[in-house]
Amino acid sequence: MIKKFDKKDEESGSGSNPFQHLEKSAVLQEARIFNETPINPRRCLHILTKIIYLLNQGEHFGTMEATEAFFAMTRLFQSNDQTLRRMCYLTIKEMANISEDVIIVTSSLTKDMTGKEDVYRGPAIRALCRITDTTMLQAIERYMKQAIVDKVPSVSSSALVSSLHMVKMSYDVVKRWVNEAQEAASSDNIMVQYHALGLLYHLRKNDRLAVSKMLNKFTKSGLKSPFAYCMLIRIASKLLEETEAGHDSPLFDFIESCLRNKHEMVVYEAASAIVHMPNCTARELAPAVSVLQLFCSSPKAALRYAAVRTLNKVAMKHPSAVTACNLDLENLITDSNRSIATLAITTLLKTGSESSVDRLMKQISSFVSEISDEFKVVVVQAISALCQKYPRKHSVMMNFLSNMLRDDGGFEYKRAIVDCIISIIEENPESKETGLAHLCEFIEDCEHTVLATKILHLLGKEGPRTPSPSKYIRFIFNRVVLESEAVRAAAVSALAKFGAQNDDLLPSVLVLMQRCMMDSDDEVRDRATFYMNVLQQKQKALNAAYIFNGENTHCAPSLNLRALVCVDISGPIQEVRLCLSVSSVPLANTPITEQKTEFAPVATSKLPEKPGPTRQDIYQEQLAAIPEFQGLGSLFKTSEAVQLTEAETEYVVRCVKHTFARHMVFQFDCTNTLNDQLLQKVMVQMEPSEAYEVLHYVPAANLPYSQPGSCYSLVRLPEDDPTAVSCTFSCTLKYLVKDCDPNTGEPDDDGYDDEYVLEDLEVTVADHIQKVLKPNFAAAWDEVGGDFEKEETFALASVRTLDEAVGNIISFLGMQPCERSDKVPENKNSHILFLAGVFRGGHDVLVRSRLALADGVTMQVTVRSSDETVVDIILASVG
Amino acid sequence: MTAQTCPRQHQRTTMEIASLEPSLYTVKAVFILDNDGNRLLSKYYDKELYPSMKEQKNFEKNVFNKTHKADNEIAFVEGMTIVYKCSIDLFFYVVGSSQENELMLMAVLNCLFESLGQILRKNVERRCLLDNMDGVFLVVDEIIDGGVILESDPQQVIQKVNYRADENPLSEQSVAQHITDKLAMTSNIMQSAKEQIKWSILK
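Residue numbers (the numbering used here), protein chains in the order written: chain A, 1 to 879; chain B, 1 to 203.
This is chain B alone, in the form it adopts within the complex:
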């Protein structure tokens, strides 16, 4: 065989480990997706990693496709280490480089998940999250600042954010609509619970 260069050299598919530059910049990205893989919140802290919105969404889609079937906690996609967790109809992801200490990423993920659990009063599901989106933004802001882990203790995060979930979220929808929504939500929960059970059986 003569030297024939491959037209599409993918740079980030190898699992090679180079030496690690000591740095506080641990987290490359954080995102929360719903159970269709749609972005609800996402923050990219490394400007060079997926600079455009299109690349970001492609990456999220790729990650979602590889992770939503089984709650495996950790995955390796496009050369990045990804730790994740799902709750009813939500997926939480924390992304770090392939060299990053996986347990540090887990600490961030756990902190995010538990803080949100407290803020949302254990209702960690899509509708409730969206109703308290301001609190979610603030929680993420308190945990990670520009890729640096700012706080990893959920109690501290809650204290700093000092946010109270709204009982009756302000909306322009009529009460009837609201009730329908609530019903839809419950059936959504049922649906995703069913999915969860199905997958745990299939595993």
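Okay, chain A solo, but in the shape it has when bound:
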């Protein structure tokens, strides 16, 4: 019978918890016995415990009921039961923020804090300070000062810690207690010492000289408390960092001397402080590293963990300094605490030689499933770093990563692995096939849409160029059958890429596409229809334009717009292209008249959805609201803001350049930093150096103090001379000034005209080109064709490195680097940079720039575009 009962208890797990089924209302009901006379301390104690337990469990108390219970509780101060009184203090602290009028207990607490019972005094101070505000603090200031220097340690500590809590609230009052805190700091009690030091530092931390004096005093006199030592070390290392003092400073000597302290806590704190100092030499690190090495064999897990974690940190910057510990670290790789083992192995991976990699990887794979995700990410990062260090080891790594990929793990962890595999594939061409195979296997059972689409995109990009592309088709098509819409859409795009690049696969891809056209999701169906149509044309140029270098399809943008146009693919390519190549083209510009009617409903019912408006979209909307700027067409490009004044001047003006097909709009964001002026009719007058014509000024009506306002200028681009892409404008800010009262902001009635000269504003070729990423540059290059190709060679005398040259070219032309060509491999004398963009008016521009490093950099620029003028413009502007 009893046994049966036991079992039930065990199962429910609640049988032995007297607080399990507490009802808040019942407990508050019980609290009424607080008012009974005489007080029953034991019962009252039990009820207070229940209340605190409920609060601790997250039970919500309303203000009314809390206040009622609180007031009832105050009666319990009549009892002299010690534990009951202490529980009252706790209740006061717990309810300080819930109940109203908690200050009614002030006098009771003040009595206890100054009373004879030492057991009450400390806790009473702490409770009192919880319910005190700045005004009341002054009333108890006298008692606090006395308490800080009280000879009973618990009283002194309580007063010091409570003062520290109140520094945030009433700095000025607490500051007056510095002398008392100073006195407490020389107490014999170690905790009082520690708390006094903490309070003193908090009060003085903004005064570097005072901190320095304080450090000096305490480092000389020596403290007993290990906690206080740790605090001193932190203060010293912060001061060292701030003053950028050299390592010959006495502060550094102090920290180093702490390495010989008898408390492990202090020794570790000192070692850690030295390790984290910037610009430490290997010699200065050596003593710290050797104490950490000792800690590695400590029986205490926490100490081993602390040591190996700090060594791991050292290994990032100074792997050679840690090599001496390799043997100790080896012993830790079998540590039962897997966190320690992981840190030991990742440290060894950083310090060890290439030959030990296999062994370490084997070791780590034996327990990788037992460690937490945070550490798994650390492992993946270590592997990633290792792959860059020893590229030859990629097969071992790849194997290991694929095993990790199969294990359970959160999104962060999986993403780290996928990123690592992708970077290995990109760095080592020979690992491509194995890498892709592992990723294929992964997406067969992948719950993260983001990762699946990312991998599908990669497959589409890399798969067709492998020796046997057909094997990937199955994996991709499986996704079409099994996954969510976003993944299916990405899979369709990937399939199309295979069809476009491999003629022998095309028939099967077309069959698969046919099936995708039956999909239940609009997006997937539209993509399939679109790609089907493009692929059936069997034209290289079309494939290049729509399949390889379409928008970044793995982000799953809507393809409705394209599906709409593709029917008319036989029409003039140029025109169709125009509406596709720039992603922000609004529907109004598409050649609606040529569409077949059956597609029209799609167009009107479902506009392209974007994740959120881009910066350019926001500007487009703002500009469209201004009547003068209507009829300019769609916004082609918006530049970054250019400062036209110094940051600290009376008026701050920055300019944003908006480029349209035939016009430019300059938006001047002005801020008036003078609080005694109101500016009106603010505009920026512009004097162009070239044949640019200023058509309109839109002034800002009012510019009050510190409220930014915008004025605009509309400029027509020279039509007769399309090559005039760059121009310098001299700008002057013109306005009507009204003086006003700085306090009320009331302006005078009269004002006077004034002007303010701004810096010149430059329009460059980059303002006319929008960046476009072509994932497959070669295809795009062929597609544009060599009709208008031009080539020229330049010498860049002032540039010293290839990196610098690449950076200059990109920022000058404002075009998008493709095929990762913006990254120059180390130790190379030549480099090819691929740039892509769209010129104002919708002409594709591609630039291939061969760079060679000799004395200075020689650059051979080849430009292709669908329009000859554009080619000329680019070459002219480079030269």
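By construction, these hints were calculated from the structure, which means they are not laboratory data. Careful: at least some of the hints might be erroneous.
What the hints assert, rightly or not - Covered, in the sense of this in silico footprint (three residues per stretch, anywhere, with C-beta under 8 Å from a C-beta of chain B), are these stretches of chain A: (1) 50 to 58; (2) 153 to 161; (3) 230 to 240; (4) 266 to 272; (5) 296 to 309; (6) 807 to 814.
What the hints assert, rightly or not - Here are the computed lysine-lysine pairs in the DSSO-like style, where the Cα-Cα straight-line distance is at most 27 Å: (7) A:K300 x B:K47; (8) A:K238 x B:K47; (9) A:K175 x B:K47; (10) A:K300 x B:K194.
C-beta atoms are modelled at their ideal positions from N, C-alpha and C, and glycine is treated no differently.
Starting from the known structure of chain A, fit chain B onto it as the hints suggest.
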């Protein structure tokens, strides 16, 4: 690959160590869980860390799942350093930032554990702890005040709390019920002892 931002950027999963602002606020949180991961007591001292009850309980659950299988003393969860100890069917945790001196946290944990050991007369297990919950609250209050280590010597803590464990805890339950409870408790102890042994073998 184009720049595709991850929708869920977890901020606290990195182990980066920034420079440490000297401060007495060492402890971020303390909690005691039972062997099902239920909260028996918990205090969070940093208002910004897990402000809501739901976040706190999630964190506790996460910590419990990562620590209850092996008594490893120290762990790193959600960017926080956690030192812990288990005793029969109880788990004690002290949480600090990733930059915190692990040994300071250990000092707090040891002090908490030893003080409770004395108060509960070495019966550091769930039922006994719950029967003396008032003493437990007072002990925690004497060791940490608002995140500052107030006392780290268990003897001092005991002296300050001056608490005597109750032989016959006051309850409304009948004597029979009480006996059943005691029996359940013993079998609970047996159960968790078995668990402990099992895990130490499996390690």
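Okay, the hints, checked on the actual structure:
no.: 1; hint: 50 to 58; result: holds (count 5)
no.: 2; hint: 153 to 161; result: holds (count 4)
no.: 3; hint: 230 to 240; result: holds (count 6)
no.: 4; hint: 266 to 272; result: holds (count 3)
no.: 5; hint: 296 to 309; result: holds (count 7)
no.: 6; hint: 807 to 814; result: violated (count 0)
no.: 7; hint: A:K300 x B:K47; result: violated, 31 Å
no.: 8; hint: A:K238 x B:K47; result: holds, 25 Å
no.: 9; hint: A:K175 x B:K47; result: holds, 24 Å
no.: 10; hint: A:K300 x B:K194; result: holds, 25 Å
Taken one by one, the earlier hints fail for this structure at numbers 6, 7, listed in ascending order.
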